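Colleague: Going line by line, the protein sequences match chains A, B, C and D. The first sequence: position 141 = 141 (full-length UniProt numbering), numbered continuously. The second sequence: position 82 = 82 (full-length UniProt numbering), numbered continuously. The third sequence: position 250 = 250 (full-length UniProt numbering), numbered continuously. The fourth sequence: position 85 = 85 (full-length UniProt numbering), numbered continuously.
Quick caveat, the hints were computed from the structure, so don't treat them as lab data. One should not assume that every hint holds.
DSSO-like mimics (lysine-lysine), calculated; alpha carbons at most 30 Å apart, straight line [as the list claims (entries may be wrong)]:
1) Lys224/C to Lys14/D
2) Lys43/A to Lys43/D
3) Lys292/A to Lys14/D
4) Lys19/C to Lys180/C
5) Lys19/C to Lys43/D
6) Lys19/B to Lys15/C
7) Lys19/A to Lys292/B
8) Lys14/B to Lys43/B
9) Lys14/C to Lys43/D
10) Lys224/B to Lys19/A
11) Lys43/A to Lys14/D
12) Lys43/C to Lys43/D
13) Lys14/C to Lys43/B
14) Lys224/A to Lys43/B
15) Lys307/B to Lys43/B
16) Lys224/B to Lys14/B
17) Lys224/D to Lys180/D
18) Lys19/D to Lys15/A
19) Lys63/D to Lys43/A
20) Lys14/A to Lys292/D
21) Lys43/C to Lys43/A
22) Lys43/A to Lys15/A
23) Lys15/B to Lys224/A
24) Lys43/B to Lys19/A
25) Lys224/B to Lys180/C
26) Lys307/C to Lys180/C
27) Lys43/B to Lys19/D
28) Lys15/A to Lys180/A
29) Lys224/A to Lys19/A
30) Lys43/A to Lys180/B
31) Lys19/A to Lys292/A
32) Lys15/B to Lys43/B
33) Lys307/D to Lys43/A
34) Lys224/B to Lys292/C
Partial list, computed: chain B residues near chain A (C-beta under 7 Å) [stated by the list, open to error]:
35) Tyr12
36) Arg50
37) Asp54
38) Met58
39) Thr62
40) Gly66
In this text, all values refer to a predicted model and were calculated from it rather than measured experimentally. For glycine and all other residues, C-beta sits at the position ideal for the given N, C-alpha and C.
Protein chains: 4
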Amino acid sequence: MSMVCLSDFEAYAKKYLPKIAWDYFAAGADDCTTRDENILAYKRIRFRPRMLRDVSMMDIRTKILGTQISFPVGIAPTGFHQLAWPDGEKSTARAARAMNTCYIASTYSTCTLEEISAAAPGGLHWFQLYIHRNRAASQQLVQRAEALGFQGLVLTADLPYTGKRRDDVRNGFRLPPHMKVRNLERAFEVCKMSPLDPSVTWNDIYWLRSLTRLPIIIKGILTKEDAELAVRHGVQGIIVSNHGGRQLDEGPATVDALVEVVEAVRGRVEVYVDGGIRKGSDVLKALALGAKCVFIGRPVLWGLAYKGEEGLQEVLRILQDEFRLSMALAG
Amino acid sequence: MSMVCLSDFEAYAKKYLPKIAWDYFAAGADDCTTRDENILAYKRIRFRPRMLRDVSMMDIRTKILGTQISFPVGIAPTGFHQLAWPDGEKSTARAARAMNTCYIASTYSTCTLEEISAAAPGGLHWFQLYIHRNRAASQQLVQRAEALGFQGLVLTADLPYTGKRRDDVRNGFRLPPHMKVRNLERAFEVCKMSPLDPSVTWNDIYWLRSLTRLPIIIKGILTKEDAELAVRHGVQGIIVSNHGGRQLDEGPATVDALVEVVEAVRGRVEVYVDGGIRKGSDVLKALALGAKCVFIGRPVLWGLAYKGEEGLQEVLRILQDEFRLSMALAG
Amino acid sequence: MSMVCLSDFEAYAKKYLPKIAWDYFAAGADDCTTRDENILAYKRIRFRPRMLRDVSMMDIRTKILGTQISFPVGIAPTGFHQLAWPDGEKSTARAARAMNTCYIASTYSTCTLEEISAAAPGGLHWFQLYIHRNRAASQQLVQRAEALGFQGLVLTADLPYTGKRRDDVRNGFRLPPHMKVRNLERAFEVCKMSPLDPSVTWNDIYWLRSLTRLPIIIKGILTKEDAELAVRHGVQGIIVSNHGGRQLDEGPATVDALVEVVEAVRGRVEVYVDGGIRKGSDVLKALALGAKCVFIGRPVLWGLAYKGEEGLQEVLRILQDEFRLSMALAG
Amino acid sequence: MSMVCLSDFEAYAKKYLPKIAWDYFAAGADDCTTRDENILAYKRIRFRPRMLRDVSMMDIRTKILGTQISFPVGIAPTGFHQLAWPDGEKSTARAARAMNTCYIASTYSTCTLEEISAAAPGGLHWFQLYIHRNRAASQQLVQRAEALGFQGLVLTADLPYTGKRRDDVRNGFRLPPHMKVRNLERAFEVCKMSPLDPSVTWNDIYWLRSLTRLPIIIKGILTKEDAELAVRHGVQGIIVSNHGGRQLDEGPATVDALVEVVEAVRGRVEVYVDGGIRKGSDVLKALALGAKCVFIGRPVLWGLAYKGEEGLQEVLRILQDEFRLSMALAG
């Protein structure tokens, strides 16, 4: 099977992953309208290609929060990588380091932060955090990440409760017994309620700030109003995201929301975007609209499902090649 | 079979109801354009979700005409519930009371008002009325409803004649011999003409007002002009409705009409809407556009077809959970 | 088979007519975009239905050029009715008279004007004319029609050459040997060129006027500029038409063109429209946009194909009932 | 098999060409969005047809850069005609001359310029050029073309690198061993890098100008900014083109870009367009929007695949007839 574009990896993953795992990764909330809109919105954006510019030398490197990466595509936080590949997040970390890009490790990893860190020492890692009812647990996670050399803290803002993903309900989705949310093992007692705290507000950013010197990036912003609030509360970066269309259905596509967020932020902090990136030209569109870097979610899982670390590298390399080519062709 | 969302109930009903009953409930006028538009119009409306608000406590109760209900979804008047479930409207009334919401009983019920009332004493019931050629019959119905403790009178304004529902014509739809429009048994002699009076005008609201102290809600308004007339003629509430797309095809979707009606009414009376509600987020959209409460029609029949009273409660509970979740996720 | 709406007749005709005849009637030019747009354009127009108006009495009669017809739907000129039913245009004439409406007989009838006239004496007949290279032949036709009591002359303006209908080319369409364009038998010598004159201009209307006292209606106008020219050249009526989408593909839908023509004409002459009428509500839309009357083409042929005169009456009766109902429901 | 419209040739070619050749000709970049948009954009443009104009005599000839052609459709440069028909570009040249139109021979022809020229002496030939890293090779090609009587030089500006055509990657597309890019045989040593120079800029037009007295036409312009640059750099003509949607996906359809280019150019040079022409009415639309002539690409290959020179003539004749008819019907 020849892997030519990201859809090839998607087809592979759909064919070979267990249905329950595929459904979990593919799931969108309710009618999956927003999940699909993330992709369609990129298609609606048109280039105005310019000709006869010298495109023989192109530098596609960029910096995020001061650290250089090889091209403006990082790895968004997604959970449960062992569902896609036995080595789970360790493979993800290795592929990210090999491609010299940023990996945002999820709280809901099936490897510990320590394992991730050890798998790819020197890699650029950020840690994605939910704020738990048990604040001490969140504090401990933050401090573990900082101690391990993670270089950014990504606070997910769009999950006070989990969105309704119909297939997961139908499948009665839960992790197989041999997988665990390892990061939380040490921190939590068995907890019958959802451990996430739906009462979190903007003020909790101050609390988070008091715990760590890491830059704080807020993920899940979709409006100019919230972008303004994020800047005022002192975050270092914003990821425009709708959680892959897995939370509130029928909100805006991320690339559409990006425009208003970038305008509101006026360069005061870095703005990133995730959701719907399937081709190198999508990356170029996001950058043209003001994103500093994009993050990819599901394609990471497809790459892992295909060949683990190697498969993910292939995904990243294809995106990189396509991005470079579309830059050249757009002039 | 696991019932996750309202479409699951629809699929069940389509599979298990006799074709003639399914067709009758599903029917739209002519090409069914408006029936389908009611749903599509909700999909076109996009949220602007806000983050990091404290959504740990949410009160989803509301009041309609002064009476509290557990959440802003009531039961629209639809006919012939025995086609869906043997106990018919008695089950509907019981489910509505169990969920603490409002049930608008149709003139074309297969149970009498007395049976409905007795099935769920203390429930919040409104009575839906057509004005008949035989005004004495209409008067008698109104007075029976008032005497039985119904708390609102819903005048349907959009049915001077019955819309053309092709499948019903093809099927030669009529009630099976063992079912009857029980409310009318006492009131009418056999009548060869349609018993409904197509000459009804706004002035008949004054006549209706003279018969009863119940609040009058007018159902079937789709324009600002008619909304203004309704307010001027002294109604207490307006249900923006196109009769589920069963009357004039190719008029506006109800949620689109809601916007202009709300603007015209300027808070002078309560405005409700029915038609096309299939998810909790649709309820939230209607409320955000100014509706005080929504009413559901076909999903009620699907719930009854699934498991009678219990099935309808499940439908209402799913809508309630979805509504609460979408409120939390929209901030 | 129960005939509930015009699509039922279409399905019947498609099933039972010889393919070559069905294809000829169904044909549109090129990609059939305009043929289909004629229908889609009606669907895009939305009613604003008004309620509580006295619709117990409705008068759906109208007058065209001073003559009363039973409802505002006439029969557009289409050719070769014997392809649909053995009695051909004689049946059409009888059905039109029975329904008390106007029948525009085509030059390309398979019955003579004399036969048509004799089949339905006293019926309201107009005659549709092409101007031929052989002007004497055209003159003779006009004078025959006038002598036979035809009451209007419809000049088709959109056929200097025949449009490219791919299926007709593929099928090598021509009339079966036992059918003839009977009106032209007497008038023409065998003619190798197309007998129609592509050099016709607006000035030929003066020539036509000099031949007859009949009112002249021009058919095929799609722009305000041509509508203005038509009025200035003294026609009595305009039929907005794109020849059923059979001539230039990718021009406007007729109901869209109707709007600009009506505005340009400002009531100076009567404006009619054909193309895409499939439901009574389409008639109402055309009238609401300023048409005095609509004409139907393909549905006539479907009705003939179903049961000749009786089938066409059924088509007209369904349209009439639907038109009356949609008037009542729209208030 | 009766060939009625260009789609018939497409269907034939798809059926009878080897898959690898069909895929190569059909290929678009990435998701093929722009390739398909080229066609859809024509469909979105609507005529305003005018009636009763004398269309008995129509002159469809035009001049491009001073040379008369029989109708405003020329042959765009496409590569590898031997993949479609054994005689390759020799057949193309003969068909173009027979139809008295312009043929732009591609650098990537499978016949030499000398063979093309000899196959159709006296035909109107332009030569399409890429600028190579090896400038001497390009210079030699230009001078060979000029010496052979080619009358125009078409510089392709949109291919600094080859677009990503997924099927070609999957198929591992390359020419069969018995075909060669004959024009380059004499000029190049075996070259491991792509021979095309991605560092070409507008200044290279001056270099090209210094080599030849032939008029220079630039192909691949899609924006008003580049159109202005082209005029300023002294080209004689502009072909609005997106390389058949084979280069940067999700740029504008060519007919949409045509509008802004024509407006920017203000008649200072001739503007042509290619991409998406499938019917005579498309030609008329392009001309109405300001193009002096259109060029067709894939339909040429379909015609060749059908019957070589004769097949291509049939394609051109159909377009010519359709163009003339649509002119007449549009008035």
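Colleague: Are the hints correct? Go through all of them and say.
Modeller: Okay, the hints, checked on the actual structure:
no.: 1; hint: Lys224/C to Lys14/D; result: 44 Å, violated
no.: 2; hint: Lys43/A to Lys43/D; result: 19 Å, holds
no.: 3; hint: Lys292/A to Lys14/D; result: 44 Å, violated
no.: 4; hint: Lys19/C to Lys180/C; result: 19 Å, holds
no.: 5; hint: Lys19/C to Lys43/D; result: 28 Å, holds
no.: 6; hint: Lys19/B to Lys15/C; result: 26 Å, holds
no.: 7; hint: Lys19/A to Lys292/B; result: 42 Å, violated
no.: 8; hint: Lys14/B to Lys43/B; result: 23 Å, holds
no.: 9; hint: Lys14/C to Lys43/D; result: 27 Å, holds
no.: 10; hint: Lys224/B to Lys19/A; result: 51 Å, violated
no.: 11; hint: Lys43/A to Lys14/D; result: 27 Å, holds
no.: 12; hint: Lys43/C to Lys43/D; result: 19 Å, holds
no.: 13; hint: Lys14/C to Lys43/B; result: 36 Å, violated
no.: 14; hint: Lys224/A to Lys43/B; result: 23 Å, holds
no.: 15; hint: Lys307/B to Lys43/B; result: 29 Å, holds
no.: 16; hint: Lys224/B to Lys14/B; result: 36 Å, violated
no.: 17; hint: Lys224/D to Lys180/D; result: 37 Å, violated
no.: 18; hint: Lys19/D to Lys15/A; result: 26 Å, holds
no.: 19; hint: Lys63/D to Lys43/A; result: 39 Å, violated
no.: 20; hint: Lys14/A to Lys292/D; result: 50 Å, violated
no.: 21; hint: Lys43/C to Lys43/A; result: 27 Å, holds
no.: 22; hint: Lys43/A to Lys15/A; result: 26 Å, holds
no.: 23; hint: Lys15/B to Lys224/A; result: 46 Å, violated
no.: 24; hint: Lys43/B to Lys19/A; result: 28 Å, holds
no.: 25; hint: Lys224/B to Lys180/C; result: 58 Å, violated
no.: 26; hint: Lys307/C to Lys180/C; result: 22 Å, holds
no.: 27; hint: Lys43/B to Lys19/D; result: 41 Å, violated
no.: 28; hint: Lys15/A to Lys180/A; result: 25 Å, holds
no.: 29; hint: Lys224/A to Lys19/A; result: 38 Å, violated
no.: 30; hint: Lys43/A to Lys180/B; result: 55 Å, violated
no.: 31; hint: Lys19/A to Lys292/A; result: 35 Å, violated
no.: 32; hint: Lys15/B to Lys43/B; result: 26 Å, holds
no.: 33; hint: Lys307/D to Lys43/A; result: 38 Å, violated
no.: 34; hint: Lys224/B to Lys292/C; result: 28 Å, holds
no.: 35; hint: Tyr12; result: 14 Å, violated
no.: 36; hint: Arg50; result: 6 Å, holds
no.: 37; hint: Asp54; result: 4 Å, holds
no.: 38; hint: Met58; result: 9 Å, violated
no.: 39; hint: Thr62; result: 21 Å, violated
no.: 40; hint: Gly66; result: 31 Å, violated
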